[in-house]
Amino acid sequence: MLPPVTRDAQLINELYNVVLALAILTFLVVEGLLIYSIVRFRRRRADEMPEQVHGNRTLELVWTVVPAIVVAVIFALSVDTLGRMTARGTLSNPVAHVHAINDQEARRRVERAQPVDMVIEVIGRQWIWQYKYPGGDGVITNEELVVPANKNIRLDMTAADVIHAWWMPELGPMIYVNPGQMSYVWFNVPPGEYIGQCNVYCGVAHANMISRVKALPQAEFDEWYAKQAAATSTATRPGDPEAGKQLFMNSSCVACHYIEGTKAQGRVAPRELTHFATYPTIAQLDGFENNAENLARWLRDPQSVKPGTAMPNLNLKAQEIADLVAYLQTLK
Amino acid sequence: MASISIPLPLRERAKTGLLGWLATVDHKKIGIMYMVMAFSFFLIAGLLGLVIRLQLAAPNMQIVDAHTYNQLFTMHGTVMIFLFTIPMLVGGFGNYLLPLMIGARDVAFPRLNAFSFWITLGAGLVMFGGFLLGARSDASWTAYVPYSNKTYSPTIGMDIWLLGLILLGIGSTLGAVNFLVTLYTMRAPGMTAWRIPMFGWAMATTAVMILLATPVLTAALIMLVADRNFNTQFFSANQAQLWQHMFWFYSHPAVYIMILPAMGIVSEIIPVFARKPLFGLRAVVISTALIGLLGFTTWVHHMFVSGVDPVLERFFMFTTMVIAVPTGVKVFNWLATLWGGSLNLKTPLLMCIGFLATFVVGGLSGVMMASIPIDQYVHNSYWVVAHFHYVLFGGSVFGIFAGLYYWVPKITGRMFDDKLGKLHFLLMLIGFNVTFFPMHHLGLLGMPRRIATYAAGRGWETGNLIATIGAFLLAFSVLIFILNVLKLRNGQPAGDDPWEGNTLEWSTASPPPEYNFREIPVVESERPLFDARWRTSHLP
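Top line first, the protein sequences correspond to chains W and D.
Residue 332, in the numbering used here, is where the first sequence stops; the numbers in between run on with no holes.
Residue 540, in the numbering used here, is where the second sequence stops; the numbers in between run on with no holes.
Simulated from the structure, these hints should not be mistaken for laboratory data.
Careful, some of the hints might be misleading.
[To be verified] Pair ranges (Cβ atoms, derived): (1) P115/W - N60/D: 42 to 48 Å; (2) G129/D - A235/W: 40 to 46 Å; (3) T309/W - L112/D: 38 to 44 Å; (4) T309/W - L420/D: 30 to 36 Å; (5) F472/D - F27/W: 23 to 29 Å.
None of the values given here were measured: they were computed from a predicted structure.
No residue lacks a Cβ here, since even glycine has one placed at the ideal position from N, Cα and C.
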């Protein structure tokens with residue numbers, strides 16, 4: 001297993017190792033008996049006749065009762081681990097807590113479950129995760145979830161289309177993120193970068209639906225957040241094609257778009273972007289001329305331009321849009 | 001061996017040539033057609049698996065694009081389960097062997113039997129024909145809603161896939177009815193419950209499971225067809241779990257439908273090649289029935305991370321773990337049958353040993369995964385891919401090959417080349433483990449299943465490369481088997497009873513005449529042929 005960084009992940013890891021040890025022991029007993037039998041009891045004479053044993057009640061009782069005990073132990077250990085995962089109060093087992101997920105009572109239980117320092121709303125959609133920060137600054141990020149380290153974080157998650165799954169192996173239990181329902185995950189992690197990806201098949205670019213968590217010390221996080229909040233409303237400098245390219249290649253754009261000779265190998269979008277700047281229109285929409293102003297409008301909110309398009313609203317910040325426009329206009 | 005003379009029923013003379021196959025209602029010919037069909041689908045789905053392994057051999061491979069890849073793994077799973085494993089074990093071995101083993105001249109409803117086969121083949125052709133013509137589903141074999149509804153899977157491929165499965169369910173259900181009636185009413189005189197061969201018990205349990213489980217899947221499939229085409233709202237997008245419940249209510253028992261007949265095969269072969277009775281016969285029968293019963297109480301373990309009531313989850317964790325006990329009983333009984341025996345290490349027994357050695361790994365990883373906290377780590381990862389291949393390849397496929405090496409001499413009257421068989425066994429055992437064992441590790445490193453490609457740098461390169469190499473070794477071993485089949489034509493004549501068998505099929509000619517037995521045998525023990533063979537000579 002990947003090294004656990006939360007206590008929940010640690011508990012899973014410890015349980016796994018104990019159960020694995022029991023499994024290996026059983027494996028060795030079975031394979032040992034099997035190999036010994038093959039060697040020892042080979043037929044040596046064509047007419048040899050072994051003793052005709054039909055059974056042995058004592059033996060049979062032993063290999064019914066002993067495995068039953070082993071299984072009971074594994075069951076007890078698992079229930080105990082689940083209990084500790086839920087009872088500790090900081091990092092909980094979301095599945096165990098919340099079942100009737102839309103129910104108000106369940107919601108109240110989530111609120112009571114443990115003190116949290118920050119709640120982030122997460123939307124899973126084909127094929128990105130979007131993170132909406134509290135605080136009314138309208139800060140939304142795609143792709144990377146930046147959080148303060150060593151704080152109790154809760155993610156309130158739902159899906160916009162099909163089922164996705166939140167799986168950060170180092171951060172604790174996995175959970176499905178279902179459309180029309182809420183799933184909750186708690187974690188508290190040291191500074192560092194963690195990676196995971198969607199773990200329920202969700203369509204053509206399922207393999208590209210990566211989730212990243214970056215935990216920064218509080219001061220650095222505050223700095224990052226202030227920058228995000230500022231950049232959300234206005235661009236601070238003119239669009240930079242290089243920054244735009246960086247953003248494009250390191251974000252979910254590559255899941256769906258194709259640009260020859262780059263990391264962007266997605267084949268979801270109907271038209272490749274290799275020579276985007278030479279196209280007369282954007283999104284093959286009649287009359288929607290391919291110019292900087294229209295492109296910015298498209299990137300800001302694709303649905304308002306072409307309802308029903310597969311291109312999601314990525315909640316891009318003004319600066320990001322400016323950079324992307326600058327980059328896309330270099331694709332001749 | 002005693003026998004009674006019952007006149008052969010009057011029936012039109014058996015037709016020969018192609019029409020003899022197309023119009024046959026003979027359980028043996030139908031069984032052979034099931035086997036040929038299923039084995040062909042095994043080869044096709046195996047090829048799809050090889051493309052999958054090529055694509056994953058290294059990071060960022062572009063052998064096929066993501067869309068095609070998703071169609072490939074969908075078809076690989078669907079075909080392996082519904083068009084290979086189940087038709088091979090139930091339709092193929094079940095049909096061919098059940099009447100012979102219980103001393104009957106055919107199944108209870110021969111025409112219905114033919115209908116079951118043709119509808120199964122039809123379903124396969126619909127599904128695979130659609131695939132070849134471009135009407136492909138990419139929703140994976142589990143087809144979770146809402147991904148499989150009209151919004152996210154708008155193409156006709158999804159409907160074709162659903163239609164194929166509905167038809168397969170009909171064939172499967174009718175076959176199960178047929179086997180149960182046959183077993184209940186057509187056993188030879190003297191064949192009391194405890195003298196029914198173990199394979200018969202396995203098939204009886206399997207048939208009950210098919211009867212109880214398949215209608216639920218069929219209902220779910222029809223509901224989804226209605227949702228897609230008639231705007232019903234059975235599976236509304238906000239109730240993601242309903243489809244999963246109905247799907248797994250069939251598809252978990254389906255695992256036992258695929259493993260119990262293979263266990264039945266192993267339970268027949270080991271006693272013959274150890275020259276000992278099956279150790280604890282009654283315990284094995286009861287365990288089989290218990291596995292069948294408990295198999296219906298575990299489906300929610302596929303949904304431990306879906307968002308299900310926590311009390312319910314603990315209940316299903318318990319039932320899932322409990323099922324390990326009867327399974328363990330069977331494994332130990334097989335080991336005890338080998339113990340102290342006189343082991344004739346021919347290919348059929350080696351395949352059974354391969355079954356035991358690898359199935360145990362899948363069984364143990366199953367218990368591990370039943371633990372909810374562990375499942376919350378490994379669910380849907382390559383660890384799970386490893387687990388179910390250890391059960392379904394390590395278990396079912398080794399069992400199927402054991403059965404083929406054992407009974408094809410009866411079916412064709414010719415012996416396989418045993419040296420070639422041993423080579424096949426050895427390469428398959430190695431190839432299988434090299435392919436699937438590293439997948440445990442990949443899962444623990446965070447690799448999800450059903451991804452069309454992956455980026456470098458997550459530690460997945462080595463494991464994937466090894467698995468791909470193993471897959472080609474595995475494919476090569478299957479080529480050796482095909483060579484062995486081709487060589488059958490010149491094989492040694494098998495005679496009636498080449499292995500010193502225990503059960504009634506070995507008392508008739510190889511291949512058996514159209515009505516199996518001229519005189520119906522009278523059964524006086526659980527191993528009628530064994531007792532007849534040794535009674536007169538030197539039984540200690």
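Does 42 to 48 Å hold as the CB distance between P115/W and N60/D, or does it fail? Because 43 Å falls inside the window, the suggested range holds.
Measuring from beta carbon to beta carbon, are G129/D and A235/W in 40 to 46 Å? Hint violated: Cβ distance 56 Å, outside 40 to 46 Å.
Between T309/W and L420/D, does the beta-carbon spacing fit 30 to 36 Å? 59 Å, violated
Given the hint of 38 to 44 Å, is the C-beta distance from T309/W to L112/D inside that range or not? 53 Å, violated
Is the distance from the Cβ of F472/D to the Cβ of F27/W consistent with 23 to 29 Å? 27 Å, holds
Of the numbered hints listed earlier, those contradicted by the structure are 2, 3, 4.
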